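Line order of the protein sequences matches chains R and C.
Residue 1 is where the first sequence starts when you use this note's numbering, and the numbers rise one by one after that.
Residue 1 is where the second sequence starts when you use this note's numbering, and the numbers rise one by one after that.
Note that these hints are calculated values from the structure, not bench results.
It is possible that some hints are incorrect.
To be verified - For lysine-lysine, the following DSS-like pairs were computed, each having C-alpha atoms within a straight-line distance of at most 25 Å: (1) C:K336 - R:K59; (2) C:K265 - R:K59; (3) C:K336 - C:K265.
Model, not experiment: these values are computed from the prediction.
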Amino acid sequence: MSIALVLGALLAAACVVLVALPYLREPQAERDVLEEPSELDRRRLELAEARDRALAALKELELDHRTGKVSDEDYRALVGPLRREAAEALRALEPRAGASGRVKVERPG
Amino acid sequence: MPELGRAALVATLGLAVYAVVAGAYAAWKGRRRLALSAQNALVAAFGTSIVATVVLLAALVRHDFSFVYVAEHTSRELPTGYTISAFWGGQEGSLLLWLLILTGYSTAALLVNRRSARDLVAWVTPVLGGVTFFFAFLLVVVATPFAVQAAPPDGSGLNPSLQNPYMMAHPPLLYLGFVGLTVPFAFAIGALLARRTDERWIVATRRWTLVAWTALGVGQLLGSHWAYEEVGWGGYYAWDPVENAALMPWLAATAFLHSVMIQEKRGMLRVWNHLLVVMAFSLSLFGTFLTRSGIVSSIHSFTQSSIGPWFLAFICIVVFGSLALVFARLPLLRSKTRLESLVSREATFLYNNLLLVALTLTILWGVAYPILHEAVLGESRIVGPGYYNFFLRVFGLPLLLLMGIGPLVAWRRASLRSLGLTFAWPAGFALLVGLVLLALGAGSSIPGLIAYTFSAFVLASIALEFSRGTRARRALSGGSWPAAFSALIGRNRRRYGGYIVHAAIVLLAIGVAGSSAYDTVSERRLTPGDSLVVGDYRLTYRGLEEREAANATEIRAVLGVERGGDSLGTVQAGKNAYTAERQVSNEVGIRSDLITGEDLFVIAEQVNADGSVYVRAFVKPLVNLIWLAGLVFVLGALITLWPDAREQRRLALRYEGAEAPARP
């Protein structure tokens, strides 16, 4: 019983320390704010996803064309719009990143 | 030390409450330190769950029968392996295993993502805390594993059905799957709460979903093998409610794994993906509820308990709360892109999803109908295998066909000319296989013949994908064929790992169709010297053998096996009489032919005092392909899960500005 009590007390103390750790490490935090992405950050992330989607689709299309799954005719019909999508996303990303200096979506702490 | 175990569980409950309250407040008000503190509470809850687990395991190993749980589920004679597996053999222990795995997953998911997706993780924490709270509450208030009593001299032992090596791996794997689905659920709900409409939650949970899905799949296959060996009715899946309970979340998770690719590739189906995650998680809770509440009579359910109402209430909160949140966020989730053509890769994924969800809901209705009927009208009803087999054919066969069609169709749209060229070889091969099988007499089962023809189509399309891909890779970068093959898989792990998983499903379909549609059965009473003919086999009964095992008396009928006049040795089937448990189990005899994949399966239904036995014997063609499918499934899943440095770099570029990318 006494060993169990001691172990239980140690366990409780360890839990309290772990839970309080952020406050023990930074008792007087200069900035205790959870950074959230701004509207600009969210828009930039959407564009980055659109860019990745378009680039990945181009890569898939090239592979499908090379493996004969997509005919030359289909390839020609699909590749143009995909390149335009990728280019538009890339263009849209550049000035926005510049406008906010260096946009950070999330900052690790 | 039951007090320490109880204290650890109470601490877990307190930490979970803190994670919910502090976590939600921190996320709402944007308090960084409080959010970290709430996350640490979940990490601490993992520590306290470990302590509770160690206390119970120690009591089991020490045969401390002052613990009611230990006395009810073990005995002194029980072999050590089964004594340890008794940890999840009873209700309280299995709930503790749920809690342990849940807090373990939560800790890992939070630690991996807390730096890279901070605002998302802030909302994920209270969701994980809420699920942890529910299970800790059950263990503290409703079903504690640390109840004590005056220690009896010996325990009641473990249910003989659970004394099987598969039971040491099957339940933990199922739980890894059930519980693992909490992570994608928590991130999906967290993303909705944080109003994040990007794909961060998908990137952050992709691997967790795959791990859970793989564990659930392998766990079910091990469970089927257990049923095949241990339950002794000659099958491996009986559409038992508890078996269905594991199948439903797996099917929903399969649908999610496919539909999430459409979101990643085309930015579509955002609402649908959230709904599928909620469905998979809710079904995993429903599965645990079915197994643990004792509400259904099942060979897999070993308990009657009072946790049912609590589970139902929690499932209702999860389902209605999640649906309300998805509804509230609908304006944010609208997709900007639309399906371009009904003949495209994404369209085949959509058809696949509709079929998978239809199959899941059909099974759910088959499970729920008897429960609802009894609850409302007070009369029991049984939904038999005929219902499930019918819908398995209606939805399963088109699904099988789609596995072959999908890889051959291009994204966005495909012209009929392209399709004709791509489909010609696999379709021709499938037709040829179908005709050959028909000529060999496989037409005795039309669904079986269709399943084999479709399987041939899928295998041909997979082979075509690999061969064309390898040729293209070699043409692009030169080198040897094996190097090109390896580079092809290495550069497209999800795609080609997925094809290997598809090959595993085809093996499974062939094994199921062969062993169920084309099996042979024969039965009769035998006295020593009598023979029984089943398929190509002749079984000659030689007599009974009796021996003492560690905790049971084993009695076996020894039967000589011949095929085509050649002796193939003997097969033994009989019964085990367990001393402490005072129960008798069926022990089947199985002779596997690893060349043909066929099993000779023998059950000694009755062992009579005069030395005669009533024997039922089956020949099950291709049944071993089912177990082989498990190995191929794991291989495909591992390839898909293997980290991809290129993808990591791409994600790092996407989340430019963050010091570390989200870790999928």
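Given the hint that K336 (chain C) pairs with K59 (chain R), test it: the Cα-Cα distance must not exceed 25 Å.
22 Å, holds
Compare the distance between the alpha carbons of K336 (chain C) and K265 (chain C) with 25 Å, and conclude whether the hinted pair is satisfied.
13 Å, holds
Are the Cα atoms of K265 (chain C) and K59 (chain R) separated by 25 Å or less?
12 Å, holds
Of the hints listed earlier, there is not a single one the structure fails to meet.
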